[in-house]
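Protein chains: 2
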Amino acid sequence: MSAKYSIGLDFGTLSARAVLSNTENGSTLPYESVFYYPHAIINEIDGTPLPQNYALQHPKDYIDALKFLIPDILANNFVDKNLIIGIGIDFTDCTVLPVDKDLTPLCLTEKYKSSPHAYTKLWKHHTNEKYAKAVYDAILTSDSSVLSVTGGEMTSEFLIPKLYEIFCEDRELYEDTYKFMLGGDFIASLLIGKKEIHSKAYVAKQHYNDTSYPSNDIFAAIDPDFADVYQNKTVTELSSVEQRIGYLCAEWAEILGLPQSVAVAAPILDAHSAISAAGIAPNRVVLALGTSAVVETLTQNNSHVDGILASSYESVANGYYTVEAGLAAMGDLFDWFIKSCVPDNYIKKATDAGLNIHQYLRSLAEPQEVGEHGLLALDWFNGSRSIVLDNDLSGMIIGLRLSTKPEDIYRALIESTAFGIRRVIECFVSQGIKINSISATGGITLKDPMLMQILASVLNMPIECLASKQATALGSSIYGALAGGAYENITDASQAMKSTVAITYYPICEDNEKYERIYAHYLRISEYFRRDNNIMKFLSENK
Amino acid sequence: MSAKYSIGLDFGTLSARAVLSNTENGSTLPYESVFYYPHAIINEIDGTPLPQNYALQHPKDYIDALKFLIPDILANNFVDKNLIIGIGIDFTDCTVLPVDKDLTPLCLTEKYKSSPHAYTKLWKHHTNEKYAKAVYDAILTSDSSVLSVTGGEMTSEFLIPKLYEIFCEDRELYEDTYKFMLGGDFIASLLIGKKEIHSKAYVAKQHYNDTSYPSNDIFAAIDPDFADVYQNKTVTELSSVEQRIGYLCAEWAEILGLPQSVAVAAPILDAHSAISAAGIAPNRVVLALGTSAVVETLTQNNSHVDGILASSYESVANGYYTVEAGLAAMGDLFDWFIKSCVPDNYIKKATDAGLNIHQYLRSLAEPQEVGEHGLLALDWFNGSRSIVLDNDLSGMIIGLRLSTKPEDIYRALIESTAFGIRRVIECFVSQGIKINSISATGGITLKDPMLMQILASVLNMPIECLASKQATALGSSIYGALAGGAYENITDASQAMKSTVAITYYPICEDNEKYERIYAHYLRISEYFRRDNNIMKFLSENK
Numbered sequence: 035m036s037a038k039y040s041i042g043l044d045f046g047t048l049s050a051r052a053v054l055s056n057t058e059n060g061s062t063l064p065y066e067s068v069f070y071y072p073h074a075i076i077n078e079i080d081g082t083p084l085p086q087n088y089a090l091q092h093p094k095d096y097i098d099a100l101k102f103l104i105p106d107i108l109a110n111n112f113v114d115k116n117l118i119i120g121i122g123i124d125f126t127d128c129t130v131l132p133v134d135k136d137l138t139p140l141c142l143t144e145k146y147k148s149s150p151h152a153y154t155k156l157w158k159h160h161t162n163e164k165y166a167k168a169v170y171d172a173i174l175t176s177d178s179s180v181l182s183v184t185g186g187e188m189t190s191e192f193l194i195p196k197l198y199e200i201f202c203e204d205r206e207l208y209e210d211t212y213k214f215m216l217g218g219d220f221i222a223s224l225l226i227g228k229k230e231i232h233s234k235a236y237v238a239k240q241h242y243n244d245t246s247y248p249s250n251d252i253f254a255a256i257d258p259d260f261a262d263v264y265q266n267k268t269v270t271e272l273s274s275v276e277q278r279i280g281y282l283c284a285e286w287a288e289i290l291g292l293p294q295s296v297a298v299a300a301p302i303l304d305a306h307s308a309i310s311a312a313g314i315a316p317n318r319v320v321l322a323l324g325t326s327a328v329v330e331t332l333t334q335n336n337s338h339v340d341g342i343l344a345s346s347y348e349s350v351a352n353g354y355y356t357v358e359a360g361l362a363a364m365g366d367l368f369d370w371f372i373k374s375c376v377p378d379n380y381i382k383k384a385t386d387a388g389l390n391i392h393q394y395l396r397s398l399a400e401p402q403e404v405g406e407h408g409l410l411a412l413d414w415f416n417g418s419r420s421i422v423l424d425n426d427l428s429g430m431i432i433g434l435r436l437s438t439k440p441e442d443i444y445r446a447l448i449e450s451t452a453f454g455i456r457r458v459i460e461c462f463v464s465q466g467i468k469i470n471s472i473s474a475t476g477g478i479t480l481k482d483p484m485l486m487q488i489l490a491s492v493l494n495m496p497i498e499c500l501a502s503k504q505a506t507a508l509g510s511s512i513y514g515a516l517a518g519g520a521y522e523n524i525t526d527a528s529q530a531m532k533s534t535v536a537i538t539y540y541p542i543c544e545d546n547e548k549y550e551r552i553y554a555h556y557l558r559i560s561e562y563f564r565r566d567n568n569i570m571k572f573l574s575e576n577k
Numbered sequence: 035m036s037a038k039y040s041i042g043l044d045f046g047t048l049s050a051r052a053v054l055s056n057t058e059n060g061s062t063l064p065y066e067s068v069f070y071y072p073h074a075i076i077n078e079i080d081g082t083p084l085p086q087n088y089a090l091q092h093p094k095d096y097i098d099a100l101k102f103l104i105p106d107i108l109a110n111n112f113v114d115k116n117l118i119i120g121i122g123i124d125f126t127d128c129t130v131l132p133v134d135k136d137l138t139p140l141c142l143t144e145k146y147k148s149s150p151h152a153y154t155k156l157w158k159h160h161t162n163e164k165y166a167k168a169v170y171d172a173i174l175t176s177d178s179s180v181l182s183v184t185g186g187e188m189t190s191e192f193l194i195p196k197l198y199e200i201f202c203e204d205r206e207l208y209e210d211t212y213k214f215m216l217g218g219d220f221i222a223s224l225l226i227g228k229k230e231i232h233s234k235a236y237v238a239k240q241h242y243n244d245t246s247y248p249s250n251d252i253f254a255a256i257d258p259d260f261a262d263v264y265q266n267k268t269v270t271e272l273s274s275v276e277q278r279i280g281y282l283c284a285e286w287a288e289i290l291g292l293p294q295s296v297a298v299a300a301p302i303l304d305a306h307s308a309i310s311a312a313g314i315a316p317n318r319v320v321l322a323l324g325t326s327a328v329v330e331t332l333t334q335n336n337s338h339v340d341g342i343l344a345s346s347y348e349s350v351a352n353g354y355y356t357v358e359a360g361l362a363a364m365g366d367l368f369d370w371f372i373k374s375c376v377p378d379n380y381i382k383k384a385t386d387a388g389l390n391i392h393q394y395l396r397s398l399a400e401p402q403e404v405g406e407h408g409l410l411a412l413d414w415f416n417g418s419r420s421i422v423l424d425n426d427l428s429g430m431i432i433g434l435r436l437s438t439k440p441e442d443i444y445r446a447l448i449e450s451t452a453f454g455i456r457r458v459i460e461c462f463v464s465q466g467i468k469i470n471s472i473s474a475t476g477g478i479t480l481k482d483p484m485l486m487q488i489l490a491s492v493l494n495m496p497i498e499c500l501a502s503k504q505a506t507a508l509g510s511s512i513y514g515a516l517a518g519g520a521y522e523n524i525t526d527a528s529q530a531m532k533s534t535v536a537i538t539y540y541p542i543c544e545d546n547e548k549y550e551r552i553y554a555h556y557l558r559i560s561e562y563f564r565r566d567n568n569i570m571k572f573l574s575e576n577k
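Chain order of the listed sequences is Y and U. Quick note: the first sequence, position 383, residue 417 per my numbering, numbers continuous. Quick note: the second sequence, position 80, residue 114 per my numbering, numbers continuous.
Same shape as in the complex, but just chain Y (with noise of 0.2 angstroms):
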């Protein structure tokens, strides 16, 4: 009998990607196929710049991202089109556009093609601080425990502020809005049909409070015209994550050179999909450490965590909450540092040692004494995400001397990451969430040993990184074979499916004991820098 495949399909920020994976051990075939959306974050519509906290997208983009990779990616690996048996979909969080009754966007329409509400909003696309500022009055006023599954926070990020954003400034647009579709439902939907369905994945930055959404009196408060966003401007029926939500349409099976029985299943989310990648169990962190670091745990007892992001009922798995929270900064921060901050005699160096230049830091800050350098960094670089959401939080280092050297200060940052992330475990932990193995997963995982080496020692915890290296895209082909009937639960499929582990990282003894005095003085100082002095907050507003 020939082997079954799945096809995962990842769409990221500026790229989205497909694997084909075998169902029986999620191997996944050689090649890999990658495709940029040629749109990229649109900054002008017409040539009217747009302001600048909009993160705009075209979701054009995404579709031919579908037409070009599925057929890319079956070509390219010989797989005979009759062995695929499903589809699974993971897409970023928050990103949301309008489409009429026909499920096509509205931005493709000639009455709007010009309007900037008529395109995507990105994950990133920051509202208005006062749209999210009269929501989350109006959720505090009423019943603030509708927050509880974002850790007490609202942020501009989320969905409802995005939706108050285009009542407020484009009504009609907002009337003429058949629904409010998040990005992984939208591509779902199109290859079923035009069936419109919403995923239990993205429904927690929706302050979806495991069996229900906040009642129509909360944004009645807000304007009389806006209770009913949900029931009038959402999908509410809900799909379950281990649900196939249907097969490929007609249309959608010719375009893309597939039979009609393979199946689709719902969407899930992009930084929840490395759980699935990991294999799906209780007790378990999963690190997805990129340009920032998501950390997240499966809980069937915990609801309501403070200091998460979001906690997401079944939003991976039937019975388990989702609980996420993570860095806003991790390798963009190292960037930052190498982009900003490396004299060019250091790059001189390290190019005549045939090394990068993260290499030639890394040679020397490696061989360093915990300590020996004497810095202690806050991580908050691109503000706080976790355990307190708070954009005006900034980075510090301090310990700096005249004797003080690029590779020190290097190696501080990457230490100041790895305490922002102990910070975040000990806070589920502290919660009752029992924790007693973690996986790691992204680029950083297989390319900086010394990275996660030191990682290892602070949290006093084996790290097994994964060894896929598109954990995500495998991550959601595991739900393709679960929808095209290969497994049962998304649990078996999982297991049966996860990436192997590349290496694990231990501990160092000696190592970490030195680390706990260390980060007992992170924790203090970044109390004093949250909660008595407003520094931060003074020199963000300052600005």
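Source of the hints: derived by calculation from the structure; they are not laboratory data. Mixed in with the good hints there might be a few duds.
Identical chains blur together in the list; that is why a pair holds if it fits in one copy or across any two.
To be verified - Derived pair list, reagent style DSS-like, types lysine-lysine, alpha-carbon separation capped at 30 angstroms:
| hint | residue 1 | residue 2 |
| --- | --- | --- |
| 1 | K167 | K383 |
| 2 | K135 | K158 |
| 3 | K548 | K229 |
| 4 | K267 | K101 |
This structure is a prediction, so every number in the text was calculated from the model and none was measured.
Please arrange chain U on chain Y, whose structure you already have, making use of the hints.
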């Protein structure tokens, strides 16, 4: 009648300089002479490396400097030797060497040429801290008022810890030493024919308390044989700085090509010399801005000021205390930043624009609004000198973001030194010292208009920058003119011969208002790290 001239000799850390100034108006002749010490700072003796905190010098370098500078400056300015009426000398403080009865440095004798302790200990020779601690503890136990002339502090830079180190580590040398002489006293004594003198300029850091040295009992508590360190091992008869200590002896008149009628002034401190160059007057702060920053003023009433480095009675002018404080790093801090933190594309852009890197960074930082960079730095990159003496304190930068650019940090570091200087001046004022004008000297003052403008706006007072580029040597030449009989007292001499003002920076009102708010945060956060959170000490000791 021909003009008369005075020679000003300035013995710095790595070089000595000479100027020839007109005794009527202080104008200096165009040719200025420089001599770099061939041995600079010695880091090995007979192939044996010295410990890291050692900073030894070779006294032959000072003698060779004398032999070079004076004939050189006479010849190159075409000045008749008979027009020279006096020589003034300034020298670094706390720079001490052991000599025999013939005033020959012991390191020049066969017996001691291989003994490290026989060489000059430069001011920044950091004796093992245990010796400073033993002296400090002994003083605290018996009479803490002894420390009132050094802001309540004791540091390994001061004289007694250095002598106690020799006492403990090379007792034979200690016993064989006729006197331990300060560098300036040594030079002046040589010139007048090996008659040992001890200028009042140097006594503060020996804890001479206005009229007397600490009692022998204090040192007896450390070791009975160390009790009479002052009486037996130093010159105790003090020369007023307004005193002519003698005339050139025949030997040195011949070596230097000068008549024996040339008067020699009591030596002064290099840091204090700028005060006479600025014009001796009460209520004026003089800033000497170089690798570090000296902040000093004269007062007739306040002998004991908390938070300062030293209060020296009559070290500049009879009847005045010289109150001295400052920052342990200023130019050094900016140089560290340039060397360690500026990326290669900045170097390239500066080169392309035909600017040095300071000029290029300034071109980017100068147009910024106050606070625009969103950063605040603490200036303790070389430890803190005032208003607390603490080498465990270290530098800090807060407000860092992924958008932070090198010019932002550069400007924030400059501002941190301005805040540090303001803090010192406020410390003076809070203890009853009136300040109504500020003079500044040092290379930075004429080269860095952005820094000077920021400083004026932070201090909220005009700053007069001296035109003289050799203000220190000019200052000592004024003492030479006094010794040569051109004036009745140093105040008259300095008022006549002081430097002109090249440029005055006035505070910008709007900038000052913004800086007031930022400075309030600077104060709060520096107090926090000084008193409430020991993290800097932890990081320093943990290294």
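I want to check one pair: K167 and K383. Are their C-alpha atoms no more than 30 angstroms apart within a copy, between two copies, both, or neither?
Intra 50 angstroms, inter 43 angstroms, cutoff 30 angstroms: neither.
Is the C-alpha distance from K548 to K229 at most 30 angstroms within one copy, between copies, in both cases, or in neither?
Classified as neither; 57 angstroms inside a copy, 58 angstroms across copies.
Status of K101 relative to K267 across identical chains (alpha carbons, at most 30 angstroms)
within (28 angstroms within a copy, 92 angstroms between copies)
Please work out whether the CA atoms of K135 and K158 approach to 30 angstroms or closer within one copy, between two copies, in both situations, or in neither?
So K135 and K158 pass the 30 angstroms test inside one copy only (27 angstroms; across, 80 angstroms).
Hint check: violations occur at hints 1, 3; the rest are consistent with the structure.
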